[in-house]
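Undergrad: Each step along the sequence shown adds one to the number in the numbering used here, with nothing skipped, and position 310 is 310.
Hint data in this document are derived by calculation from the structure and do not stem from the laboratory. Take these hints with a grain of salt, some might be off.
Label pairs and their in silico Cβ distance ranges [unchecked claim]:
(1) 304 - 282: 57 to 65 Å
(2) 139 - 200: 44 to 52 Å
(3) 88 - 301: 40 to 48 Å
(4) 139 - 22: 44 to 52 Å
(5) 249 - 95: 26 to 34 Å
Here are the simulated lysine to any residue pairs, SDA-like style, with alpha carbons at most 20 Å apart [as the list claims (entries may be wrong)]:
(6) 308 - 256
(7) 308 - 209
(8) 86 - 54
(9) 141 - 6
(10) 141 - 15
(11) 221 - 301
(12) 147 - 130
(13) 303 - 209
(14) 303 - 235
(15) 221 - 281
(16) 124 - 141
(17) 141 - 5
(18) 239 - 308
(19) 190 - 31
(20) 147 - 80
(21) 10 - 190
(22) 190 - 44
(23) 10 - 107
(24) 303 - 270
(25) 190 - 301
(26) 221 - 279
(27) 259 - 281
(28) 196 - 146
(29) 303 - 272
(30) 124 - 175
(31) 303 - 248
(32) 10 - 134
(33) 268 - 215
(34) 190 - 304
(35) 303 - 274
(36) 239 - 265
(37) 259 - 308
All C-beta atoms, glycine included, are put in the ideal place defined by N, C-alpha and C.
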Amino acid sequence: MTPEFENIEKVDPRSIWSHEAHDFTPWLAENLDRLGEAVGIDLELVAREAVVGGFSLDILAKDLGRNSNVIIENQLGSTDHDHLGKLITYASGYDADVVMWISTEIREEHRQALDWLNQRTDSKTDFFGVTIEIIRIGDSKPALQFKVAVSPNEWQKNRKKDSTAQGSERSELYRTYFQELIDELREKHKFTSARKGQPQNWYSFSSGRRSFTYGHSFAAKGNVRVEIYIDSGDLENNKHRFDELFQNREVIESELQEKLTWERLDDKRACRIALYREGSIEWSSEELQMLRDWAIQRLLRFKQVFGKRPELV
Numbered sequence: 001m002t003p004e005f006e007n008i009e010k011v012d013p014r015s016i017w018s019h020e021a022h023d024f025t026p027w028l029a030e031n032l033d034r035l036g037e038a039v040g041i042d043l044e045l046v047a048r049e050a051v052v053g054g055f056s057l058d059i060l061a062k063d064l065g066r067n068s069n070v071i072i073e074n075q076l077g078s079t080d081h082d083h084l085g086k087l088i089t090y091a092s093g094y095d096a097d098v099v100m101w102i103s104t105e106i107r108e109e110h111r112q113a114l115d116w117l118n119q120r121t122d123s124k125t126d127f128f129g130v131t132i133e134i135i136r137i138g139d140s141k142p143a144l145q146f147k148v149a150v151s152p153n154e155w156q157k158n159r160k161k162d163s164t165a166q167g168s169e170r171s172e173l174y175r176t177y178f179q180e181l182i183d184e185l186r187e188k189h190k191f192t193s194a195r196k197g198q199p200q201n202w203y204s205f206s207s208g209r210r211s212f213t214y215g216h217s218f219a220a221k222g223n224v225r226v227e228i229y230i231d232s233g234d235l236e237n238n239k240h241r242f243d244e245l246f247q248n249r250e251v252i253e254s255e256l257q258e259k260l261t262w263e264r265l266d267d268k269r270a271c272r273i274a275l276y277r278e279g280s281i282e283w284s285s286e287e288l289q290m291l292r293d294w295a296i297q298r299l300l301r302f303k304q305v306f307g308k309r310p311e312l313v
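When you get a sec, could you build the whole thing from the sequences and use the hints?
TA: Next comes the structure, spelled out in structure tokens:
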């Protein structure tokens, strides 16, 4: 029997989104998780059409893993010099650590420009060139794929970091610890899109909602914690959500089978609900693996319990 195959047809993105600003940018703002999965970063929307002087940036987002600004400039067409200039202006205006240029085609001269920026900037700054590809197989619905055409060269970035003595031994211990943690969360549990551990004592993960994030950190006094961090951007809203959850704490703790620490943080905008235990980054590799296992199990349980709570919708 001779196998039969359908034809693959490329679809013009403008047949899906007729207007870049009115159609594509709003769609992308609501689907940042798809872009984040492609580039390996947990992204959270901060604002659309964010103002920079007399211009407006398409999307301002946050890299939850390192709590830093991400700028995203869209172009439903081939890249051009005008958008390259805007990209640099917006990156400067928001002191961005991650800069993304989304287009249907990246011209070779702009690919080289992004590569050059990745080579010349410090280890904290990452430039991405991402193309949109839409295909249809036979009579099927169109399928979208983000393809990363330009990304940071991690070997070059790490070498630059080492040569400028920016990384301490303790920072590298944190980086290694969290790299192994996020790899397991991503590959085994589909918990995160993040791919890059940071030289810091904490890591935050998207919950899929703007009202809160999940987190794991090395806290003070030889403790570590797993938490949900409630911060919708509005103090009253945060305290209201926390108070509603606190009223149901017995049900929540019963589902988790854990006694939680409830931190309203009245001197801050955000609130925290956490689980603490002893732990230090200076522990042996075997003890750190045990700590990672503990954190992963609790993060998964937190997602199972808090992810469905109506107070956090």
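Undergrad: Report the numbers of all earlier hints that the structure fails to satisfy, in ascending order.
TA: Hints 1, 4, 5, 11, 14, 16, 21, 27 not satisfied by this model.
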